[in-house]
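A.B. asks: Add chain E to chain R, keeping to what the hints say.
Sequences listed follow chains R and E, in order. The first sequence runs 857 to 1271 under the numbering used here. The second sequence runs 857 to 1271 under the numbering used here.
This list has only true hints and no planted wrong ones.
Sample of chain R residues lacking proximity to chain E, with all beta carbon distances greater than 12 Å (derived):
1. 890
2. 968
3. 1034
4. 1068
5. 1073
6. 1235
Cβ pair distances, simulated, as ranges:
7. 876/R - 1252/E: 51 to 59 Å
8. 926/E - 1204/R: 16 to 24 Å
9. 865/R - 930/E: 49 to 57 Å
Source of the hints: derived by calculation from the structure; they are not laboratory data. Backbone N, C-alpha and C define an ideal beta-carbon position, used for all residues, glycine too.
There are 2 protein chains.
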Amino acid sequence: MSGELAVSPLAPADFPVLPAVDGVELSTHAAGIRYRGRTDLMLAVLAEGTTVAGTFTSSLCPSAPVEWCRAILSSGRARALVVNSGNANAFTGRTGDEAARLTAETMAGALGLDATEIYLASTGVIGENLPQDVLARELPVVPSNLAPSDPATWRAAADAIRTTDTFAKGAAATAAFDGVGATVVGIAKGSGMIAPDMATMLAFVFTDAAITPEALQQLTTASVRRSFNRITVDSDTSTSDTTLVFATGALDNDLISGPGDPGFAELGAALDAVTLELAHQIVRDGEGATKFVTIEVTGAEHDEAASTIALAIANSPLVKTALAASDANWGRVVMAVGKAGQRADRDRLSIWIGDEQCAAAGVVADGYSEERATAHLLGDEVQLRVDVGIGDGTATVWTCDLTHGYININAGYRS
Amino acid sequence: MSGELAVSPLAPADFPVLPAVDGVELSTHAAGIRYRGRTDLMLAVLAEGTTVAGTFTSSLCPSAPVEWCRAILSSGRARALVVNSGNANAFTGRTGDEAARLTAETMAGALGLDATEIYLASTGVIGENLPQDVLARELPVVPSNLAPSDPATWRAAADAIRTTDTFAKGAAATAAFDGVGATVVGIAKGSGMIAPDMATMLAFVFTDAAITPEALQQLTTASVRRSFNRITVDSDTSTSDTTLVFATGALDNDLISGPGDPGFAELGAALDAVTLELAHQIVRDGEGATKFVTIEVTGAEHDEAASTIALAIANSPLVKTALAASDANWGRVVMAVGKAGQRADRDRLSIWIGDEQCAAAGVVADGYSEERATAHLLGDEVQLRVDVGIGDGTATVWTCDLTHGYININAGYRS
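With the rest of the complex left out, here is chain R:
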């Protein structure tokens, strides 16, 4: 499907060269679940002892694979990840739960593992049953292609999980501590979408570091809060959003078990770098996006308030359409601050577009030049900054503009 959409103008020039992560083997397969002529199954097999952490959609109507992962995550252990594209296995009731279990059990049988060590994610059409006959036939074939993770297999994995993403998404970082170097690699899909999918975001991150599940969850939760939870394309929340972080332990470092241990901070920083880069790539593939927009809020009552205000700006259709038009329409930013429901005072509000201050203390800034603000907006990397003027809370979020392309993709397009 992805071939039908032009590559986003905001896409990175190339897919990155992602390094091997010891303890991770990858395979992809064209199972024909929905798509023809492309891969739609991705398998990662993880070394014995791999720990896992995860965060999932806040939707109260989550997909069957999300419920499966939630149920098995308490063990903190993982041996494999199976992802299919083309069908989200969402809103499929008990049949969907059965399909998830069948997937895990079939793959467990093929790999000689326990089903409860196998994590699942599905993305694609919702409300249609995953074809169990296809799964039963095709899943056992997938392990035959297993190969160590390397630039080529990472790229193949990133491609297999795409739906209508217009480019494959990947990122890597390293963490040096205690004389060792840990590798962190992530792949993701999102924002490009196949209707009636819901811009599902999936992100899978792998490291060779040895870390307890509890410490990994702590790093993951913090990292997701600063990355995937700080991006928005259209304010909608998928039934299937999933972030899973796997640590194979192949690095053989001293086990990281908490903030006091060497490597905790370094690994967290590397994880942050990977999740933030993946989050930015998802925004860059926002449906119809022509501008990558950074919104920084300072001076709010506290950080959560700053985040709520920043997201209110980022989700405002009026702000997003103004950005699409390179229209220095800062009145719409005032509106969004006002509707955010967080403490604000009209007479303390300051607003910048790029380096140009539009508003100061609640009125138009002295010397404000709409021409300079517009010049900044004409670029495809846009910065908005709001100072609320009442406290120390700060937050940064990333979004894209709202264009005819979004309408074309979402109103014109369902196979």
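C.D. replies: Positioned in the frame of chain R, the structure of chain E alone reads:
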């Protein structure tokens, strides 16, 4: 400005013939505040003894006229209403407060009234100062045109408060009780918009009934909750949203002072009819709207939960673009229910498009026909119904679809 936009395809055939309301005199004037060649000031002078109730934007950055009205509303008394279009007097700081005070004081001088009995509303561009010299010169002229309310003066008033509304909005109803007949007439503007305005909604309702301010506020609050607070075009909240209800008492009925009094329920019903009709007209003038959409939620935990779920559906860009495409994409409705944050259970959810049941108990409904659902969606009056299946809470909201027209208006257009 309104002439630049084609009339909404959902507009009523004609502006209604609005009856006189005893105790209300009207005048309009072309002051040239921003627009040329059209009226932009509207004055209503109200009989001595007129009571007033109001509701205002929840924005924490409200316009100066909103703050003015809030400050004087505690008296419960009103003698005049002054509305200007073309400039919202929002985000104008102390200068804006001064302009509001100047408006009230100038009109008070011209009419021989107290400024604190004069209600104000402004709609149009924000962040620009209301030109005080123009106000000082033009406001005193407005009363010279005063005439009793009648179909022609109502129409003129409804026109003067338009910004980019593509049609003038008005509604009337009567309440019979205790051998008398009360008249309720309302005019409104909204949804059509002049950038960088924010689709400000203004509604002014007038009745000849005699009712205490407290009882009138009670009816107004309830009525707004069921009408203006149940519509959404794009989820954005104006700095200036204002509803004011004036009761002149010219009917000379026994004063209505609470729910136990004759006329309270009847007047409330007439007020509801007027506010609901005005609310629907605002949706019908939604920017780029091609479909009028009714969303009914039943079976929620309670009515507030039903309302939150219904608004989540109504505000979802993915739902709204599917509606624009007449795409029976009920998976997006599931998504919106899931993200609403209210109690829901995937396996109890049922969804209808028109009379066609798409989903039952969390899976595709037996015998669901996408053809029949699509046939319903191809019309310009669309019904969605969701039964959450867990309680007795119900709510109905109204919205429109999200089309290229919305992008054209909001991304392409600022004078």
